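Novice: Sequence order for the protein chains is A and B.
The UniProt record's numbering numbers the first residue of the first sequence as 1 and each following residue consecutively.
The UniProt record's numbering numbers the first residue of the second sequence as 1 and each following residue consecutively.
These are calculated hints, taken from the structure and not from any lab test.
Among these hints, one or two may not hold up.
What the hints assert, rightly or not - Taking lysine-lysine pairs in the DSS-like style, the calculated list, with each CA pair at most 30 Å apart, reads: (1) A:315 with A:391; (2) B:215 with A:3; (3) B:62 with A:346; (4) B:232 with A:125; (5) B:193 with A:346; (6) A:372 with B:196; (7) A:70 with B:199; (8) A:441 with B:196; (9) B:196 with A:346; (10) B:232 with A:372; (11) A:70 with B:230; (12) A:552 with A:279; (13) A:413 with B:199; (14) B:230 with A:125; (15) A:413 with B:193; (16) B:232 with A:62; (17) B:199 with A:346; (18) A:391 with B:215; (19) B:215 with A:20; (20) B:62 with A:315; (21) B:215 with A:346; (22) A:3 with A:125; (23) B:215 with A:125; (24) A:372 with B:199; (25) A:353 with B:199; (26) A:315 with B:232.
Said to hold, decoys possible - A few chain A residues that don't get close to chain B, going by computed Cβ distances all over 10 Å: (27) 86; (28) 162; (29) 163; (30) 319; (31) 327; (32) 350; (33) 391; (34) 509; (35) 515.
This one's a predicted model, so the numbers in the text were calculated from it and none came from an experiment.
For every residue, glycine included, the Cβ atom is placed at its ideal position computed from N, Cα and C.
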Amino acid sequence: MKKPVIQFENYSFQYRSQAKPTLNDINLTIYEGEKVLIVGPSGSGKSTLGHCINGLVPFSYKGEVSGRLKISGEDVRELDIFSLSKKVGTVLQDPDGQFIGLTVAEDIAFALENDYTPQTQMFNKVAEVSKMVEMENFLDSSLHHLSGGQKQRVSLAGVMVDDVEILLFDEPLANLDPATGKYAIELIERIQQETKKTVVIIEHRLEDVLHCPVDRIIVVDDGRIISDMTPDELLASPILEECSIREPLYVKAAKYAGCAITSDMYPARIDSFQVDDCKDKLADWFIKVNGPQPKVKTETILELNNIDFGYTSGKRTICGVSFSIEKGEMVSIVGKNGAGKSTLSKLICGFEKPSSGRIYYRGLDITEDTIKDRASRIGIVMQNPNQMISKQMIYDEVALGLILRGVPEAEIKDRVFKTLKICGLYPFRNWPISALSFGQKKRVTIASILVLEPEVIILDEPTAGQDFRHYTEIMEFLVELNRQGVTIIMITHDMHLMLEYTPRAIVIAGGTKLADDTAVNVLADSSIINEANLKETSLFELALRAGISEPKEFVDRFIAYDREVRQKWQ
Amino acid sequence: MAVEMLSYIDRQSPIHRLTGVTKLICFMIWSSIAMLTYDTRILVCLFLFSIFVFIISKVKLKEVAFVLLFILFFLMINNVAIYVFSPQEGVKIYGTSHVLFEIGGRYTITIEQLFYQMNVTLKYFTVIPAAILFIVTTNPSEFAASLNRIGVSYRISYAVALALRYIPDIQRDFRNISLSQQARGIDMSRKEKLTKRIKNAASIIVPLILSSLDKIEVISNAMELRGFGKNKKRSWYRARPFQKIDVITIILFVLILLVSFYVTLHDGNRFYNPF
Numbered sequence: 001m002k003k004p005v006i007q008f009e010n011y012s013f014q015y016r017s018q019a020k021p022t023l024n025d026i027n028l029t030i031y032e033g034e035k036v037l038i039v040g041p042s043g044s045g046k047s048t049l050g051h052c053i054n055g056l057v058p059f060s061y062k063g064e065v066s067g068r069l070k071i072s073g074e075d076v077r078e079l080d081i082f083s084l085s086k087k088v089g090t091v092l093q094d095p096d097g098q099f100i101g102l103t104v105a106e107d108i109a110f111a112l113e114n115d116y117t118p119q120t121q122m123f124n125k126v127a128e129v130s131k132m133v134e135m136e137n138f139l140d141s142s143l144h145h146l147s148g149g150q151k152q153r154v155s156l157a158g159v160m161v162d163d164v165e166i167l168l169f170d171e172p173l174a175n176l177d178p179a180t181g182k183y184a185i186e187l188i189e190r191i192q193q194e195t196k197k198t199v200v201i202i203e204h205r206l207e208d209v210l211h212c213p214v215d216r217i218i219v220v221d222d223g224r225i226i227s228d229m230t231p232d233e234l235l236a237s238p239i240l241e242e243c244s245i246r247e248p249l250y251v252k253a254a255k256y257a258g259c260a261i262t263s264d265m266y267p268a269r270i271d272s273f274q275v276d277d278c279k280d281k282l283a284d285w286f287i288k289v290n291g292p293q294p295k296v297k298t299e300t301i302l303e304l305n306n307i308d309f310g311y312t313s314g315k316r317t318i319c320g321v322s323f324s325i326e327k328g329e330m331v332s333i334v335g336k337n338g339a340g341k342s343t344l345s346k347l348i349c350g351f352e353k354p355s356s357g358r359i360y361y362r363g364l365d366i367t368e369d370t371i372k373d374r375a376s377r378i379g380i381v382m383q384n385p386n387q388m389i390s391k392q393m394i395y396d397e398v399a400l401g402l403i404l405r406g407v408p409e410a411e412i413k414d415r416v417f418k419t420l421k422i423c424g425l426y427p428f429r430n431w432p433i434s435a436l437s438f439g440q441k442k443r444v445t446i447a448s449i450l451v452l453e454p455e456v457i458i459l460d461e462p463t464a465g466q467d468f469r470h471y472t473e474i475m476e477f478l479v480e481l482n483r484q485g486v487t488i489i490m491i492t493h494d495m496h497l498m499l500e501y502t503p504r505a506i507v508i509a510g511g512t513k514l515a516d517d518t519a520v521n522v523l524a525d526s527s528i529i530n531e532a533n534l535k536e537t538s539l540f541e542l543a544l545r546a547g548i549s550e551p552k553e554f555v556d557r558f559i560a561y562d563r564e565v566r567q568k569w570q
Numbered sequence: 001m002a003v004e005m006l007s008y009i010d011r012q013s014p015i016h017r018l019t020g021v022t023k024l025i026c027f028m029i030w031s032s033i034a035m036l037t038y039d040t041r042i043l044v045c046l047f048l049f050s051i052f053v054f055i056i057s058k059v060k061l062k063e064v065a066f067v068l069l070f071i072l073f074f075l076m077i078n079n080v081a082i083y084v085f086s087p088q089e090g091v092k093i094y095g096t097s098h099v100l101f102e103i104g105g106r107y108t109i110t111i112e113q114l115f116y117q118m119n120v121t122l123k124y125f126t127v128i129p130a131a132i133l134f135i136v137t138t139n140p141s142e143f144a145a146s147l148n149r150i151g152v153s154y155r156i157s158y159a160v161a162l163a164l165r166y167i168p169d170i171q172r173d174f175r176n177i178s179l180s181q182q183a184r185g186i187d188m189s190r191k192e193k194l195t196k197r198i199k200n201a202a203s204i205i206v207p208l209i210l211s212s213l214d215k216i217e218v219i220s221n222a223m224e225l226r227g228f229g230k231n232k233k234r235s236w237y238r239a240r241p242f243q244k245i246d247v248i249t250i251i252l253f254v255l256i257l258l259v260s261f262y263v264t265l266h267d268g269n270r271f272y273n274p275f
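All chains, full assembly: derive it from the sequences and hints.
Specialist: Quick look at the structure:
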């Protein structure tokens, strides 16, 4: 019998500021050396569950606890957050936000410093741990100059110096580009193999985590544990769909085709998945369903011609980028972290001036136009809504741009109400913004741009950190806007978002344009995938293994079908 | 990224090699001299010395130019204000009156007043390069270790270091927010009335504070989860032992302090009187 290290017994927790308990009667045991994945939609309580394990609940976030939680045999009530931090090492999402030191070595040493470890001992330990995560040659590098994957390694090293028993990862894949995310999962696997530590991962990108084997998956919804089973069993059950968590795409496709998935088919990973029995069904389904409607060509609305730009002289962030966007298109700009995607959007909006090259809007040269002039044609929505919201009330926030432009009051009211209706915020028009969820805040920021009636909207990572339901909501909303004629450009590293919603993708790598093609073609080209840190989709492999002769067409048809299905449950 | 003012600039120079404690002590000595004395001879010497230090620090003027201009702007306002409110201050101090121009009543320009204001300006000039140098050549973590060593509680030391570290981050956020608000039509340029501009600034400050609060929550959780604040004492990875050059520098600065005190107070007056 294995030793239990995390034991929840009839555990409930209610935040002081909340009217209802966030966790309800949790019973869960995790054993030594296990690798467990916790999934659940936003607001399900999965993060709170993580906070309970590392001690942020109840030591930092106060509230009412009932029931019992034991970490490696000791009751949490008798511990404090510091002794818990010796047992549980937490890697938070967004490595940037949690770095404390300035350089790699300092950040790794932070926990040691707090233990009043003598300096020489610290040097040794840091050297040892950094070797384990292959960062020994970067000890003096500044954290801001590391790549996303390196940052992840440093934050892992920072908790490993403590010789913790449990490693807890809170959404480790958020903000990582697809290839780096894959690497992060492999790293977690390797560290676990080497150290035999207990690993708990909280994440909603199920398919990406399942890239490496996981012992059990716990599904949390509405503060309760819905299921606790092996990945194979879970994927064979209808639970994920009921909790609106995105299933791996190849499983979804097989289900659409009418195959009965059982755990004997090993659906947890595409390479182990036994497709032989459903080959025929997949082939039939492929013939039966329709592909997406091809878009009709329209006029060019935005054109970039040979744009060069650098933040500091001598170092170019963008070199010789040209492309044109047609009216009514939905395009994504993809590429690895730091490739120049966001810089490109700033250039389009006039936040930065290109050092050479021209930008045209409907054939008109707008390179010299001011930010304000451009804003009435091209709007930008930033990734973090908190960076845009400056008023307390929703109505005021959306009206701000119009008031500043001196629009008559009656017209403001009309336009704001109209926009709020489009964004589904009309019932909340008199609410304070602080009462909204993250996804709703995002809508407010989109509304505040939309009210200025721009013809082009640029969105920076529109769905970052959103669960599947909110993701669908936001994206379908954007599709609706697009249908009404707004041209939409999205900056993203979510490969599925790109496949699913933007027929065309522009790939940026190292400041140059690597590809400009249909999303499906981009993901079918392994050299582009490698160079831009993208990731192939499991649908291709499924199609190949099922013997379908046109895998790209299969992907297209799957996406068209899947969207239709999901529009129904909206 | 584009603008990073007042953040640590990593170079190989004798100034960078000094420990944070040394630089802190020297900076404190330096500013107390500059605050105390109005003696032109000392101020000129200090000013020349600070230029010399600036050169050997290998920090380029271009890198700090913006802050420098910013401070110079306030210096100018200060000078005008002194003249407006106290145009005969120099006469009062030096006891003589050499008139240059007659401009009705008390606003007559005297050599004494000009000399006095030149001294005030010189005081700024001696402190400013030193202060900027101190900030840009001291690694924030090492600075925290230094503060802690001279007896400041490590919590406060770390808070100071974090604040220094976040200067570039906040500048970047500020820029992004300000640009996106400008895109919505907020005019921060001179075309707008001042009262309106102040009001408009609020719509940049509010999101800046909100997004900074988010950051604070994340970082304080991260720190707590890794045991910050557990013990009464903590050690520092970046702490550096005193070296010969540190001792020499401190002795040098103490000597400068003594000499300037002697010269300044020698004739019982903080002002050097050439008249």
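Novice: Compare the structure with each hint and give your call.
Specialist: Verification of the supplied hints:
In summary, the hint linking residue 315 of chain A to residue 391 of chain A is not supported, as the alpha carbons are separated by about 38 Å, beyond the 30 Å threshold. A hinted pair counts as satisfied when its Cα atoms are at most 30 Å apart, and residue 215 of chain B with residue 3 of chain A does not qualify at roughly 38 Å. This hinted pair checks out: residue 62 of chain B and residue 346 of chain A have alpha carbons roughly 25 Å apart, not beyond 30 Å. In summary, the hint linking residue 232 of chain B to residue 125 of chain A is supported, as the alpha carbons are separated by about 22 Å, within the 30 Å threshold.
Straight-line distance between C-alpha atoms of residue 193 of chain B and residue 346 of chain A comes to about 28 Å, which keeps the hinted pair within the 30 Å bound. A distance of roughly 17 Å separates the Cα atoms of residue 372 of chain A and residue 196 of chain B; the hinted pair therefore holds under the 30 Å criterion. Of the supplied pair hints, the one linking residue 70 of chain A and residue 199 of chain B is violated, its CA atoms being roughly 53 Å apart against a limit of 30 Å. For a cut-off of 30 Å, the pair hint linking residue 441 of chain A to residue 196 of chain B stands: about 27 Å separates their Cα positions.
For the given pair, residue 196 of chain B sits about 26 Å from residue 346 of chain A by alpha-carbon distance, which is consistent with the 30 Å threshold. Taking the CA atoms of residue 232 of chain B and residue 372 of chain A, the gap is about 54 Å. The hint is violated against a cut of 30 Å. Straight-line distance between C-alpha atoms of residue 70 of chain A and residue 230 of chain B comes to about 22 Å, which keeps the hinted pair within the 30 Å bound. With a CA separation close to 17 Å, the supplied pair residue 552 of chain A and residue 279 of chain A stays within the 30 Å bound.
Straight-line distance between C-alpha atoms of residue 413 of chain A and residue 199 of chain B comes to about 22 Å, which keeps the hinted pair within the 30 Å bound. With a C-alpha separation of about 20 Å, the suggested pairing of residue 230 of chain B with residue 125 of chain A holds against the 30 Å cut-off. Our distance criterion of 30 Å between C-alpha atoms is met by residue 413 of chain A and residue 193 of chain B, whose separation comes to about 26 Å. Restraint check: the Cα-Cα separation between residue 232 of chain B and residue 62 of chain A comes to about 24 Å, which is no more than 30 Å; the hinted pair holds.
Of the pairs offered as hints, the one joining residue 199 of chain B and residue 346 of chain A holds, with about 25 Å between alpha carbons and a cut-off of 30 Å not exceeded. For the hint linking residue 391 of chain A to residue 215 of chain B, the alpha-carbon distance of about 20 Å falls within 30 Å, and the restraint holds. A threshold of 30 Å between alpha carbons decides the hint, and for residue 215 of chain B with residue 20 of chain A the separation of about 27 Å falls inside it, so the pair holds. Taking the CA atoms of residue 62 of chain B and residue 315 of chain A, the gap is near 17 Å; set against the 30 Å cutoff, the hint holds.
A hinted pair counts as satisfied when its Cα atoms are at most 30 Å apart, and residue 215 of chain B with residue 346 of chain A qualifies at roughly 23 Å. Using a Cα cut-off of 30 Å, the hinted pair residue 3 of chain A and residue 125 of chain A holds, with the two alpha carbons roughly 28 Å apart. Taking the CA atoms of residue 215 of chain B and residue 125 of chain A, the gap is about 29 Å. The hint holds against a cut of 30 Å. Restraint check for residue 372 of chain A and residue 199 of chain B: the C-alpha separation of about 18 Å stays at or below 30 Å, so the hint holds.
Distance restraint check for residue 353 of chain A and residue 199 of chain B: the Cα-Cα separation of roughly 27 Å lies within the 30 Å cut-off, and the hinted pair is therefore satisfied. For the proposed pair residue 315 of chain A and residue 232 of chain B, the alpha carbon gap of about 46 Å is over 30 Å, so the pair is violated. Residue placement check: residue 86 of chain A does not keep its beta carbon more than 10 Å from all beta carbons of chain B (closest about 8 Å). Consistency note on residue 162 of chain A: stated as away from chain B, yet its beta-carbon is not over 10 Å from all of that chain's, at 8 Å minimum.
The claim that residue 163 of chain A is not at the interface with chain B holds, since no C-beta of that chain comes within 10 Å of its own (minimum 13 Å). Every CB of chain B is more than 10 Å from the CB of residue 319 of chain A (nearest about 17 Å), matching its label as outside the interface. For residue 327 of chain A, the condition that its CB be more than 10 Å from all CB atoms of chain B holds, with the nearest at approximately 21 Å. At roughly 8 Å, the least C-beta separation between residue 350 of chain A and chain B is not larger than 10 Å, which violates its mark as non-interface.
Against the 10 Å criterion, residue 391 of chain A falls within the reach of chain B, whose nearest CB is about 8 Å from its own CB. At roughly 19 Å, the least C-beta separation between residue 509 of chain A and chain B is larger than 10 Å, which holds for a residue marked as non-interface. No beta-carbon of chain B comes within 10 Å of the beta-carbon of residue 515 of chain A; the shortest separation is about 26 Å.
In this structure, the hints that do not hold are numbers 1, 2, 7, 10, 26, 27, 28, 32, 33, in rising order.
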